Amino acid sequence: MVGLKKTLWLVVFCMVFVLFTGCGEKVNEQGYYSKINVYNWGEYIDPQVLKDFEKEYGIEVNYETYAGNEEMLAKVQAGGTDYDVIFPSDYMVEAMIKEGLLQELDYNNLPNFKNIREEFKNLPYDKEHKYSVPYLWGTIGILYDTTKIKEDIDSWNALWDKKYKGNIVMFDSVRDNLGVALKRLGYSMNTKNIDELEKAKEELIKQKPLVKAYDSDAYKDMMASGEAAISMCFLGDAMVLMEENPNLKYVLPKEGTNLWFDTMAVPITSKHKKEAELFINYLMRPEVAAKCAQFVMYATPNKEAMKLLPKEIRENEIIYPKGNFFEKGEVFIDLGEFTTEYDRIWTQVKAY
Numbered sequence: 182m183v184g185l186k187k188t189l190w191l192v193v194f195c196m197v198f199v200l201f202t203g204c205g206e207k208v209n210e211q212g213y214y215s216k217i218n219v220y221n222w223g224e225y226i227d228p229q230v231l232k233d234f235e236k237e238y239g240i241e242v243n244y245e246t247y248a249g250n251e252e253m254l255a256k257v258q259a260g261g262t263d264y265d266v267i268f269p270s271d272y273m274v275e276a277m278i279k280e281g282l283l284q285e286l287d288y289n290n291l292p293n294f295k296n297i298r299e300e301f302k303n304l305p306y307d308k309e310h311k312y313s314v315p316y317l318w319g320t321i322g323i324l325y326d327t328t329k330i331k332e333d334i335d336s337w338n339a340l341w342d343k344k345y346k347g348n349i350v351m352f353d354s355v356r357d358n359l360g361v362a363l364k365r366l367g368y369s370m371n372t373k374n375i376d377e378l379e380k381a382k383e384e385l386i387k388q389k390p391l392v393k394a395y396d397s398d399a400y401k402d403m404m405a406s407g408e409a410a411i412s413m414c415f416l417g418d419a420m421v422l423m424e425e426n427p428n429l430k431y432v433l434p435k436e437g438t439n440l441w442f443d444t445m446a447v448p449i450t451s452k453h454k455k456e457a458e459l460f461i462n463y464l465m466r467p468e469v470a471a472k473c474a475q476f477v478m479y480a481t482p483n484k485e486a487m488k489l490l491p492k493e494i495r496e497n498e499i500i501y502p503k504g505n506f507f508e509k510g511e512v513f514i515d516l517g518e519f520t521t522e523y524d525r526i527w528t529q530v531k532a533y
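Numbering-wise (this note's numbering), the sequence shown opens with residue 182 and increments by one.
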């Protein structure tokens, strides 16, 4: 009977231990679970930052990467992996909030949020920043080879210029390509006006014979090798390519462009919210945010981190445009069911 009682007490103890340690997961000396799962874009963080976090907090970072927002969304929706921290872009944050896929953040655990510049708070995709904090931001512009194009480029019209036939590269992206065509026509990148979308479609169809390739990744090699002369380009890619090839130049078109924001968020899959917020708060430390910004060469929304960046980066108007960059820049919003109209238009352009 004594043996039976001991066995029952042992079972109860084990059950309680499992309940309070996340199904038998290890807790380190600092009281944190010993591992978190981070899901981020490829080459989007300084690897040393991960090592430093692991050393400081005794938490192993299981780090996986994805190529696009939709890939990340599908994995979170499937729920097969317990991701703790993800890095969704602006419109994807909005979509995931609507689907109930993000957890509300506890700002008691995020004191470093005070370092975020005021203009990057309360943005349309998460108006009260309940579910996300900004990580990096940037623009989409035009990259061109000055040895092949002698004139100064300042407009999206250049991507429709017949002089550059066979040397133009566009992204293989619904929102980006339609966004450029819409901005060129003076419309919003987030329009839900069918007539405006049809006009954008007509312009993309007119442009199609001039385009060398539709590619959102290989365009970098084409521009670096001189295989193409002009392309849509992400800011960070432009900075890297211009360093490799000083004949390349990046400009923001006068009609305006997409201002994008990549954020940090805790998905519904997370079982370690406290540790996830610890990691997010760590990435908002000025010295850590500066390391990441300098490694990736995108702009940081962290005002204290900016002070730590080299002067040539901090004062580079390509990375940090002067004035009110929200005047002509637009942030993508989630279009909800209207997304199917954009998909329909893009399918028709590709099939033409």
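Please note: incorrect hints may appear among the correct ones.
[Unchecked claim] Below are the DSS-like pairs computed for lysine-lysine, each with C-alpha atoms no more than 30 Å apart in a straight line:
hint	residue 1	residue 2
1	K311	K329
2	K373	K430
3	K382	K343
[Unchecked claim] Label pairs and their calculated CB-CB ranges:
hint	residue 1	residue 2	range
4	D333	P228	37 to 45 Å
5	K484	G407	18 to 26 Å
6	K387	E508	22 to 30 Å
7	K308	E332	38 to 46 Å
8	G239	E383	33 to 41 Å
9	D333	A399	38 to 46 Å
10	D376	E237	18 to 26 Å
None of these hints come from the bench; they were simulated from the model.
Quick caveat: nothing in here was measured; it's all calculated off a predicted structure.
Here a beta-carbon is modelled for each residue, glycine too, at the ideal position from N, C-alpha and C.
Determine which of the earlier numbered hints do not hold for this structure and return their numbers in increasing order.
-> 1, 2, 5, 8, 9, 10
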